[in-house]
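Going line by line, the protein sequences match chains A and B. For the first sequence, my numbering assigns the number 1 to the initial residue and increments by one for each residue that follows. For the second sequence, my numbering assigns the number 1001 to the initial residue and increments by one for each residue that follows.
Please note: incorrect hints may appear among the correct ones.
[As the list claims (entries may be wrong)] Across the chosen pairs, the derived CB separations fall in these ranges:
no.: 1; chain 1: B; residue 1: 1550; chain 2: A; residue 2: 187; range: 52 to 60 Å
no.: 2; chain 1: A; residue 1: 7; chain 2: B; residue 2: 1398; range: 24 to 32 Å
no.: 3; chain 1: A; residue 1: 17; chain 2: B; residue 2: 1299; range: 57 to 65 Å
no.: 4; chain 1: A; residue 1: 187; chain 2: B; residue 2: 1351; range: 26 to 34 Å
no.: 5; chain 1: A; residue 1: 223; chain 2: B; residue 2: 1300; range: 51 to 59 Å
[Said to hold, decoys possible] What the simulated footprint calls covered on chain B by chain A, stretch by stretch (three residues with Cβ under 8 Å from a Cβ of chain A suffice, anywhere in the stretch; the number is not a length):
no.: 6; segment: 1012-1024
no.: 7; segment: 1048-1056
no.: 8; segment: 1232-1243
no.: 9; segment: 1646-1652
no.: 10; segment: 1733-1743
no.: 11; segment: 1802-1816
[Claimed, not checked] Which chain A residues face chain B? A few, computed with CB under 8 Å, are given here:
no.: 12; residue: 6
no.: 13; residue: 9
no.: 14; residue: 81
no.: 15; residue: 84
no.: 16; residue: 97
no.: 17; residue: 104
no.: 18; residue: 155
no.: 19; residue: 157
no.: 20; residue: 158
no.: 21; residue: 189
These are calculated hints, taken from the structure and not from any lab test. A virtual CB, placed ideally from N, CA and C, is assigned to each residue, including glycine.
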Amino acid sequence: MDLNTVASITPARSRDDLRLLGPGVAPLAGGSELFASPRPELVGLVDLLSLGWPALVISDDGLEIAATCTLAALSRLPAVPGWTAQPLFLECCGALFGSFKIWNVATVGGNLCTSLPAGPMTALAVALDAELLVWRRDGQDEVLPASEFVTGNMTNVLEPGDVLRSIHLPLAALRARTAYRKIALSPLGRSGAVLVGRLDPDGGFLLAVTGATVRPELLRYPSLPTAAELRADLDAIGSWFTDPHGAADWRRAVSAVLGEEIRTELEDRSVA
Amino acid sequence: MKLSINGETVDAVAAPGQSLRTFLRDRAHFEVKKGCDTGDCGACSVLLDGVPVHSCLYPAGRAEGAAVTTVAGLGRDGDLSPLQQRFVDAAGFQCGFCTPGMIVTASTLDADELDALPRMLSGNLCRCTGYRAIEDAVRGTHRRVGEPREPDPATSRAAAARACGRVGTSHPAPASTRIVSGQEPYTLDIAVPGLLHLAVLASPHAHARITRIDTRAAAALPGVHAVLTHVDSPATLYSSARHESRLDDPDDSLVLDDVVRFRGQRVAAVVADTVAIAEQACALIAVDYDELPAVFDPRAALAPGAALVHGDKDAATSRLADPRRNLVAEMHGEHGDLAAGLAEATTVVTGTWQTQRVAHVQLETHATIGWIEDGRLVLRTATQVPFLVHKEICRIFALEPAKVRVFAARVGGGFGGKQEILTEDIVTLAVLTTGRPVQYEFTRTDEMTISPVRHPFEVTVTLGATQDGRLTALGLEVLSDTGAYGNHGPGVMYHGCSESVSLYAVPHKRVDARCVYTNNPPSGAFRGYGLGQVIFGIESALDELARRLGISPFDLRRLNSIGPTDPLVVTEVEGADLIIGSYGLDQCLDLAEAALTRGNGVEAPAGPQWRVGAGMASAMIATMPPRGHFSQASIRLDPAGTYTLGIGTVEFGNGTTTVHAQIAATALNTTADRVHIRQSDTDVADYDTGAYGSAGITVAGKAVLAAATALIEQLQLTAAARTGLPAESWTPEPTGLRSGSVFLPLTELAGATGLEAKGAEDGAVRSLAFNVHAFRVAVDTQTGEVRILQSIQAADAGVVMNPEQCRGQIEGGVAQAIGTSLYEEIVLDGAGTVTTRVLRSYHVPQLADVPVTEIYFASTTDSLGPYGAKSMSESTYNPVAPALANAVRDAIGVRPFELPMSRDRIWRLLQL
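Here chain B stands alone, though its shape is the one from the complex (with noise of 0.2 Å):
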């Protein structure tokens, strides 16, 4: 057939079932990207004859004729559309995978539509903007944060700033212009010569022994290559979590095994020409199964007489508290004496909160492209741990370091999700065996199914306080259902119970935690690492005491709360590792309790049905992962005079790269646009732990500054060798050093194989972040729809890097907070099978569910990060649960303990 794309024709055959999307990225049209495949998440969208639809559900051979149009043919790195423009302006994205869709999709609205503009784009989902930047690029309505509608000279001076990218000033990210015009290559963004693809065959069960597996019909069909089944796979067994250290995690995995212990568990995969000749082989490998009885209630996997998941693993080798029990990780401790603090209580409030599964839901799916180059085993793959996965793969398959590479493109989003092996195991396991590259590419529908998911948690709190509101005791159980594999469990526990507790200041705590196997699919990392759910369970407690108490919610926390040179105890005092660089917690109350007292003039629907009520919640987080977290940054000045920084931390719409730039440009006085940034691959830059635990500023960042700082001294060094003018007075310029009226180029200190500094931080000492949320809201007793009628959030990032994106990451962890709080639920049917396997049963939150949430950041100057910032990634998302569900008790007079608080929660509630 032929068509025309972006105005070129083309003449080619469309396979017969094939949707439009895969035709166009056959061709390489990598700028439309595959999101749900289902037709819900829009990132697909093109234009055909100028009419917009989603090219995933298309067939291809519909588009015979047509001019078809992406958002590369809307405008190139160059020659922008003035929409494509705005959303650099704004910075109308973060991860950017979303970005071709929504671009292609707003370049069709005209005025009336956009005043539909909630509707329009209900079928572009966004899962890290929160989508007020997103809205401000489409109606060009941006202002960047706390600057006036008009110029003045005060506003030149930033801008001449933000020109150069120095920390501070909302510069843009560096990938901005390839975003907007889909030129950026995400993990599958590249056309290999001879790739083959890898499909997997599903268990059926929940728990079973393979007896028996056939592959011959399979390994015969035309186009397969290999059939790899438990008896090829290494008998190595490992965690698909990743940490700095890989004892973290129980090693409870195989990468194939004889027994599978969730629904959709790998049994076998197959390697072909096509994902179609896979699939069709995948259905031709006969299994015989010996069904084993099996556990989905984390309570029952702990009572006497349960199936067993892992009952043949040993406790010690496996690092497995007891797998007798189904217990991965147990933790129990009491700092004083809880009776005591109990019966010194005048008010006891207790209760049990349970949260839900919840799915990450980065746009981009777990992908793996893995070949052999040079000897070497390349895997280029999806992933927010690099380093980790070349450590971990190395291990599994007994493959010297050198050996291997593994690098990451720009990540289309994280969340926690890709702080796993999920692909990189099966994919490199394919192309040893096969020789050839090997593609793997997860369905939104292996997202949902079998990617691991936010850890389920049942909190029981029991606070007692005197009647002047001071706490007396703090107690505090978790009931964590970890599912098939404890990847994550044990830290997800720990972490949960640590600055959940040792924010407020008590003298008698006991916390109580066990996290469980079950033959649920497994949960795993997800933004917040466990504190979401424990904080979801003590800021509702500290909510009922206040009311009990008579005491308004930020009184009580500022009674309670530590102080700046308080101890940190959580069961024990915290080690000197752990430090309050700055504190702004009393700040945060202030801001958020101010704005809600001002209120924003939105009121609540009219009719006697709808009650209005506010609430508010604190919460707390380390900057940085515990126990060491590793980066090590080179910097180097090119003969060209520019700089190249080498980082090994991912960028995957955290932002991190645009403050790495900044850095550097600020340390070395240059421009960001002079710093040219290769990251995220083992053989471009020295070790990374990787880009979790909000570590992308205060670690990485601050070996970039290490680094910048090194190569100065470096830098002065050599000037004074040459000039004979003392090395310290010698101060850095865009294009040279200069001492007085003496100038060296850059060009001439680079000389012909320039200069090269490093820098390195080990993350021992952490810091500690603040964040309040308060809302008001209103809710609809007939129907439980909550209605947020004011959205505050109060933040202490320590010295904001870059103001624009520091207000993204909060509106976006706002905006995902809002949809587990109210809308989201991975569904099992209680044997194991999950129900809601399609975006269409899973709402992620639209443009039309956000409201735009109003920012104050706190001032305050971190004594340990680099420039005095702080992270601010995961901890925006930790208070907005409980802060909602405070804001509902308020309104319906009935406190919600179980989320998702969905209207027919809410509805329900109110019959009670």
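Just chain A, same shape as in the assembly (with noise of 0.2 Å):
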């Protein structure tokens, strides 16, 4: 929709011209997030599609995601050889409720920095234990782990001013087995939960919980659980909540239903 209080956009080329940004200064990257709702306390952008990040960099120790980087690259970034976790990357652009249309604009941080529930970037960080950095206001740089990153329903650790620079993924996490469940209201409706289990070479094994919770929720085994163990693990989560997406007693039952079927799918193809 317009944002008619915007009155105007800045494209960004270099970090300096962050500082414009500030009460009623927002940073604008796809714009889908930000274009969806009214925004009467805006009164400018600053654009950052602008500054001119790549948008997938891979290295020897895993893979770079510009925050500004669209959902449609990410799914499509050609599979690369050893990255078992790679299939995730679809799976979560398929849990946004957006269309495929939206694919094309929305960026894997504007999807975190909108810290909704249900964001499906939230879930793929989160699951493989992403490093995200943030450009902060002052000009300094801070690394800090996706699980830290949203703190509720729609809020997270950013304060105003700061940008969401680039989402890092591990070669450890990438190489890992991931197993992935959403489900929600209806067929391809807003997740109600997405739960993104991961397997290591190691042994080690975790269960990401997001959709469900207000803020992500992880659960860390040194090798995978017992089905016991991890129904007890999941019931003892607290943050389950209700909105028009599903009412919080039905989460909590289907995310124990997706995590066994999580934890049983990984455990046949770790026999595998």
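With the hints in hand, could you dock these two chains into one complex?
As structure tokens, this is what we get:
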């Protein structure tokens, strides 16, 4: 929709231009979230796309995803040998409620920064132990684990003027095996729960619960837990929530079902 | 910035925060539609260098240097792309508002993506069709109803009849080629020089009195032309609901009131050069409120001491049952003796069912443009009832009828939502104040928060029956929450308790219904008009009874439904105005049962958590509203030898215009393309009550038939006078009249001025249509997911005027009802605030959600309708929710009593 109070869009050419950010001035990436709600508080936007960040950089220690990389670009990254976790990219894009036309503009960083419980890039980042590079307003760089980024329903650690620069997926996680489950109140609806399991080559297991809880919940184990152990730990989670996309008690119950499916799937694959 | 739009280079400045959609529409690319403004509906889809995007979310400035392609760039009328042509051939649209975006999106799909069509079209919502026709159009798999894949002589004859557009053929909508190329103008698809825009300040309170309102800062803002408050409002009370009789609805509303009764109600309006300035000015209006006690629960609203929503109203003046008890209307009646009937019963079933608020989500929001022309007020508006709007606007503003013109262009969906005055009143005030053209467009959030929703009903049903399955008693209690205003409240309550009850021959019946005010947003007319809510309860209760008695639910209906000659009884025997003009319920029951027994080969997903069940429900509906529904058609033979049909009713995806062309073509023995239709305009057509209550064919269509018949007689008389041959010897042909070997061309008969005849229908007698729906479902007991394995609807539409369109109406009604049954709910926070404010929070069925429904038609010929036809628009929706609930009950052993049967609710039922 038209953001009628926005009087200027400044294309950022360097990090210095980000100093314009602050109260009333927000960063613009794909725009699919920003332009989807009235923003009467905004008077200006700073366009991040003009910074020209390379979308996807593959290196020996993993993958660096620019915050401005679109979901479409991420989903189309050609398969990299040895990255057994890569199918998760497409799976998580598929958890976005927005259509494939939204993938063409929505960015990985924008999805993280919106910090919706159902944000599928949050699921991807926390499940793969991503490290996020934040450009703080004061010029400092800060690297923090994805698991600490989202703090609640649409809240995160960013302060006004801070910008998420990139998402680094470490090689170790990319070489893990993953299993993905999503459920909503309708076949392709806004996620009620998105769960990702990751079984590392060293046998370690992680279950990321998103969508069903106000912020991501991570369960880590040195080895694959039993069904009972996993169930008990899921039951102990306290941040299930209710909104039009599902009631808290249902989210808790279906997360238990999906968590067990993931555990079983990865157990079968580890045996195979 | 420079860019190209459909190959044409454009050099223009985009406002900083402007979306590409607005930029394109500002340059008269009206084929780019505004449906939701949040990237959910897809109506605004365009290609940017070949890549599809939702243009409402795309910053306009970013299109610099890009090649933008809209649907008009894919092909124009006369030079359609193959995909566009397939949408015409498959009738892949009804109102057509979603079609440009649908076609743009589909144009990008390759073979692999077609395999994932539900996902690829998840961002394109259609509210009318039910998607089967769209999928056929996209894939090129369309086959006409009952048409074999290989041509044969019979098919050729059928094709010839179709080419002529006779009744009974699947003639395409006259606007088809314009719709698929984005060239058919809807309400706001017009460039008006000097247009001002109106924005509204909404009430933050559920119930409050405005004690002070300071508009000075707003009025001083450059670009503001007027600030309107309750001080400027006419003092005439009215209802936003429109009916043939204005006495049907309580007069409880003002254009602007000094008391607000629900959150979001308009407090003031600003008229300004742009929407942006108007919104900015609204924020500058200072208002002091005296908050008043509020009530949000309909039962609490009836309790002594409850906050009074319209305690200031006079019962007689406003036509309210008892404003001192928040009681808008009530109905109490008994036929026989319910207690005696229950005493005779060996089995008694009782239960209470609850329906939710449902939004219409017609893709075109409510909107009006008004202006002054030759000293007259003109309103171009998204309405189902232009003539009723005309009457009431004249009344509210004390204007002479001749000084006002109201018309509708093609309307982008209605479903009852546009049987209200929601934008026309404030636009009129703005135009009369400023003398300038003024536009007011609802946002999608307005649609979900202040536009009336389907009345939530609490329905208690008690049934008694003997061991052989004969009903002895039917008791019904209804509590309807009409919200802060009474628009449609009484009508929906009465209608809800009518055909739902009279469908069954039961010796003892009792109905107690109440419709109450609360400080919730208003409820209003919605497809089915109350019947769906009550049918959900009654048909669920019947299912429970069949289960207890060990009788098939089909047989229970066969035993107890009215027969073709039975009296119709709610609590009294219906008058002679309601007849069973044709009776196809027996066929519908047989057809649906046979299809269910036959199955469709679709199996439940594997796994022990899945349970399978089947269920069915019936529905009956009168073919038009009660107590008169009027239409007057005119048909003119033009000097050029073609016909012009003038008819007041509105086209909003109902397909009425197609059928009217077919009726005229058949009666005049011409081809449909020789019939030019002018409609829905108080200046070009005679009075028509409007497009509601499924009256498009049964009332307006009958007027068209009468006019065509009268014109033939006139032509015969003219020919007789010219030749001396007897009038009855002349038969019409497409280009002239023939009597034996003598032929008179129409151009000659028309003369210099043409010939005109009129026809009218008064709706004094109504018939009844029947629908039976059946489902087979699988339910996941771990997650509550309901998967529809088979969906069947059998319909008694009388003679089917246009099989393709009628199939589309049924499919669309079923899809909308599946939304109501499983997904959709306008949620309130208990204090009058809607929490589902955008489409992302309110799940309208996508392609992925809607199974293909098998559709069967009963073979009947109505004694009343034109060419034996009956209505088939609201009725298709009504049996779906109970049929689905009954199937779920069969699958999981627990009965759902509440809509929607969302996964979390079904899961919770299984935890009990």
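Tested hints:
1. For residue 1550 of chain B and residue 187 of chain A, the Cβ-Cβ distance of about 36 Å falls outside the hinted range of 52 to 60 Å, so the restraint is violated.
2. Against the hinted window of 24 to 32 Å, the Cβ-Cβ separation of residue 7 of chain A and residue 1398 of chain B comes to about 44 Å, which falls outside the hint.
3. The supplied range of 57 to 65 Å is met by residue 17 of chain A and residue 1299 of chain B, whose beta-carbon atoms lie about 59 Å from each other.
4. Between residue 187 of chain A and residue 1351 of chain B the beta carbon distance is about 30 Å. The supplied range of 26 to 34 Å therefore holds.
5. Here the CB-CB span from residue 223 of chain A to residue 1300 of chain B is close to 56 Å, well matched to the stated 51 to 59 Å.
6. Coverage of the segment 1012-1024 of chain B by chain A holds in this model, with 6 residues showing a Cβ closer than 8 Å to a Cβ of that chain against a need of three.
7. Proximity of the segment 1048-1056 of chain B to chain A, defined as three or more residues with a beta carbon under 8 Å from a beta carbon of that chain, is established by the 5 residues found.
8. Figure legend: the segment 1232-1243 of chain B, annotated as covered by chain A; annotation inconsistent (0 residues with Cβ-Cβ distances under 8 Å, at least 3 required).
9. Coverage of a stretch by a chain is defined here by at least three residues with a beta carbon nearer than 8 Å to that chain's beta carbons; for the segment 1646-1652 of chain B and chain A the count is 0, and the condition is violated.
10. Here's how the segment 1733-1743 of chain B fares: 0 of its residues keep a CB closer than 8 Å to some CB of chain A, so the rule of at least three is not met and the hint is violated.
11. Only when three residues or more bring their CB closer than 8 Å to a CB of chain A does the claim for the segment 1802-1816 of chain B stand; here the count is 0, and the claim is violated.
12. Hint on residue 6 of chain A holds. Least Cβ distance to chain B is approximately 3 Å, under the 8 Å limit.
13. Residue-level restraint check for residue 9 of chain A holds (minimum Cβ-Cβ distance to chain B is 5 Å; threshold 8 Å).
14. With a cut of 8 Å, the hint placing residue 81 of chain A at the interface with chain B is violated, because the nearest CB-to-CB distance is about 23 Å.
15. For residue 84 of chain A, the suggested interface contact is broken, since its CB lies about 24 Å from the closest CB of chain B, more than 8 Å.
16. Look at residue 97 of chain A: its Cβ gets to within about 6 Å of chain B, closer than 8 Å, so that hint holds up.
17. Taking 8 Å as the C-beta cut-off, the interface hint given for residue 104 of chain A holds, the closest approach to chain B being about 5 Å.
18. Hint status for residue 155 of chain A: violated, given a least beta-carbon distance of 19 Å to chain B, over 8 Å.
19. A least Cβ separation of about 25 Å between residue 157 of chain A and chain B goes past the 8 Å threshold, and the interface hint is therefore violated.
20. Against a cut-off of 8 Å between C-beta atoms, the interface hint on residue 158 of chain A is violated, since the closest Cβ of chain B lies about 21 Å away.
21. For residue 189 of chain A, the suggested interface contact is upheld, since its CB lies about 5 Å from the closest CB of chain B, less than 8 Å.
When the structure is compared with the earlier hints, violations turn up for hints 1, 2, 8, 9, 10, 11, 14, 15, 18, 19 and 20 and for no others.
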